[in-house]
Amino acid sequence: QLQLQESGPGLVKPSETLSLTCTVSGGSISSRNFYWGWIRQPPGKGLEWIGTIYYSGSTYYNLSLKGRLTISLDTSKNQFSLKLTSVTAADTAVYYCMRVNVLTSGAYDSWGQGTLVTVSS
Amino acid sequence: DIQLTQSPSSLSASVGDRVTITCRASHNINMYLNWYQQKPGKAPTLLIYAASSLQSGVPSRFSGSGSGTDFSLTIGSLQPEDFATYYCLQSYSTAGTFGQGTKVEFK
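Chains as they are written, first to last, in the working numbering: chain A, 6 to 126; chain B, 4 to 110.
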């Protein structure tokens, strides 16, 4: 049974860097059939795709966040990470890590439980 | 960017009702359209992938149809556990986009 678990600080100060890690268990992030990524949801609002990474290291970022965003893999730990720099209150959201399944037309078929990150001084 | 327009934004229904939600894409996305259910405080769960394929473990009262730019999700007979918010997602582009969501409320 695949499980994804987000971890990281729940409170980040404005202008600082938001860092989250997703630990994957029950499956390998090195599989060719999957991409791995991040979604966020501001309180009371809809879902926004942040970015995706492939086992090869290829990355795809939301253009609205490009320049502030880095997604990386650590295959030795079966983890992938998100770093978002120069955060503002607009970055306050629940952040989800997820798996993109190539075999089901790119559907995001597994999600972490989500972690709330608040940007505030 | 591919935009998805979901409608309605909310609806009121009763247990046993047949409910249909639509999603329109700004470009042809073939069948790269997926549907999710989200309950308060929980992560979204995949219901339908590739427009009409039922995800494993999802009740058969959920069905999806469409291709190209017009898609729909139908709940055949609404159950109490189905009151939630539903989102469509296009996976035609690596840059995924979601619809705005449809909240299904109890009438």
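In case anyone wonders, no lab produced these hints; they're calculated from the structure. It cannot be assumed that every hint is accurate.
Pairs of lysine-lysine residues, derived as DSSO-like cross-links and limited to a Cα-Cα distance of at most 27 Å, are as follows [as the list claims (entries may be wrong)]:
| no. | chain 1 | residue 1 | chain 2 | residue 2 |
| --- | --- | --- | --- | --- |
| 1 | A | Lys71 | B | Lys42 |
| 2 | A | Lys50 | B | Lys45 |
| 3 | B | Lys45 | A | Lys88 |
| 4 | B | Lys106 | B | Lys45 |
| 5 | B | Lys110 | A | Lys71 |
| 6 | A | Lys71 | A | Lys82 |
| 7 | B | Lys106 | A | Lys18 |
| 8 | A | Lys18 | A | Lys50 |
| 9 | B | Lys110 | A | Lys18 |
| 10 | A | Lys88 | A | Lys71 |
| 11 | B | Lys45 | B | Lys110 |
| 12 | B | Lys42 | B | Lys106 |
| 13 | A | Lys82 | A | Lys50 |
Going down the list of hints, with the structure as the test:
no., hint, verdict
1, A:Lys71 x B:Lys42, "violated, 30 Å"
2, A:Lys50 x B:Lys45, "holds, 14 Å"
3, B:Lys45 x A:Lys88, "holds, 23 Å"
4, B:Lys106 x B:Lys45, "holds, 15 Å"
5, B:Lys110 x A:Lys71, "violated, 43 Å"
6, A:Lys71 x A:Lys82, "holds, 26 Å"
7, B:Lys106 x A:Lys18, "violated, 33 Å"
8, A:Lys18 x A:Lys50, "holds, 22 Å"
9, B:Lys110 x A:Lys18, "violated, 42 Å"
10, A:Lys88 x A:Lys71, "holds, 11 Å"
11, B:Lys45 x B:Lys110, "holds, 23 Å"
12, B:Lys42 x B:Lys106, "holds, 10 Å"
13, A:Lys82 x A:Lys50, "violated, 33 Å"
In summary, the structure is inconsistent with hints 1, 5, 7, 9 and 13 from the numbered list given earlier, while agreeing with the others.
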